[in-house]
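Keeping their order, the protein sequence lines are chains G and P. First residue of the first sequence: 42, per our numbering; consecutive thereafter. First residue of the second sequence: 4, per our numbering; consecutive thereafter.
If you're looking for bench data, these hints aren't it; they were derived computationally from the structure. Among the hints, a few may not be true.
[As the list claims (entries may be wrong)] Stretches of chain P that chain G covers, calculated by requiring three or more beta carbons in the stretch to come under 8 Å of a beta carbon on chain G: (1) 47-60; (2) 101-113.
[Claimed, not checked] Each pair of labels, with its calculated beta carbon distance range: (3) P:Met-13 to G:Thr-117: 35 to 41 Å; (4) G:Arg-50 to P:Asn-60: 27 to 33 Å; (5) P:Lys-72 to G:Glu-112: 40 to 46 Å; (6) G:Gly-100 to P:Ile-77: 41 to 47 Å.
The beta carbon of each residue, even a glycine, is placed where N, CA and C say it ideally should be.
For reference, the chains in residue letters:
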Amino acid sequence: GAGVSQSPRYKVAKRGQDVALRCDPISGHVSLFWYQQALGQGPEFLTYFQNEAQLDKSGLPSDRFFAERPEGSVSTLKIQRTQQEDSAVYLCASSLYITAGTEAFFGQGTRLTVV
Amino acid sequence: DAKTTQPPSMDCAEGRAANLPCNHSTISGNEYVYWYRQIHSQGPQYIIHGLKNNETNEMASLIITEDRKSSTLILPHATLRDTAVYYCIVKDDNQGGKLIFGQGTELSVKP
């Protein structure tokens, strides 16, 4: 596809359940980012990959959050033992390079609701 | 924390120019100014970016002051589809290219 694709678009999880969110970046894009967006707020950075290397995970809120990009393309964000405060839209973005002056392309996001 | 300050909301009449201001008084020499917008229930969309000079593309114009402490995004002929939250972001190379979003400006284009 031409853009960043995320799946599923919507996920409802029972509290305590594990979830996995998938991101297919634009082909050839080196950088991949995950963001979390709570209702009415701007997106907040979670983690960043350069190819398969996770170079920054400073935004992950707890050790229940784990992200991987094993072959440098598709990425998965996993949340273990989900809590109600994890309810948010999870956005993935990719960009061709990492330097300033490079635009990032965002997917539509996955809306996670923990009940 | 975001390094930019934007008004929380603005209104604009359809067909008129929308001028969205942004203050970034602590910007450093190698940092770019980026603008993204987010239409309801969609991911953020890139609009434009600049370093020092004014920039124009098919979506908008970006005017950066000479001291680079503020900028203005201009949508020359706003339409109802331009209703969105507009984010002004200063991009720091030292943060690996990640974008630090603030609260943005909610632009309402009215008929």
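Status of the hints after comparison with the structure:
1. 47-60: This one holds; 5 residues, not fewer than the three required, reach chain G with a Cβ under 8 Å.
2. 101-113: holds (count 7)
3. P:Met-13 to G:Thr-117: 35 to 41 Å: This hint holds: roughly 38 Å between Cβ atoms.
4. G:Arg-50 to P:Asn-60: 27 to 33 Å: Roughly 29 Å apart at Cβ, these two residues keep to the hinted range, so it holds.
5. P:Lys-72 to G:Glu-112: 40 to 46 Å: 43 Å, holds
6. G:Gly-100 to P:Ile-77: 41 to 47 Å: 32 Å, violated
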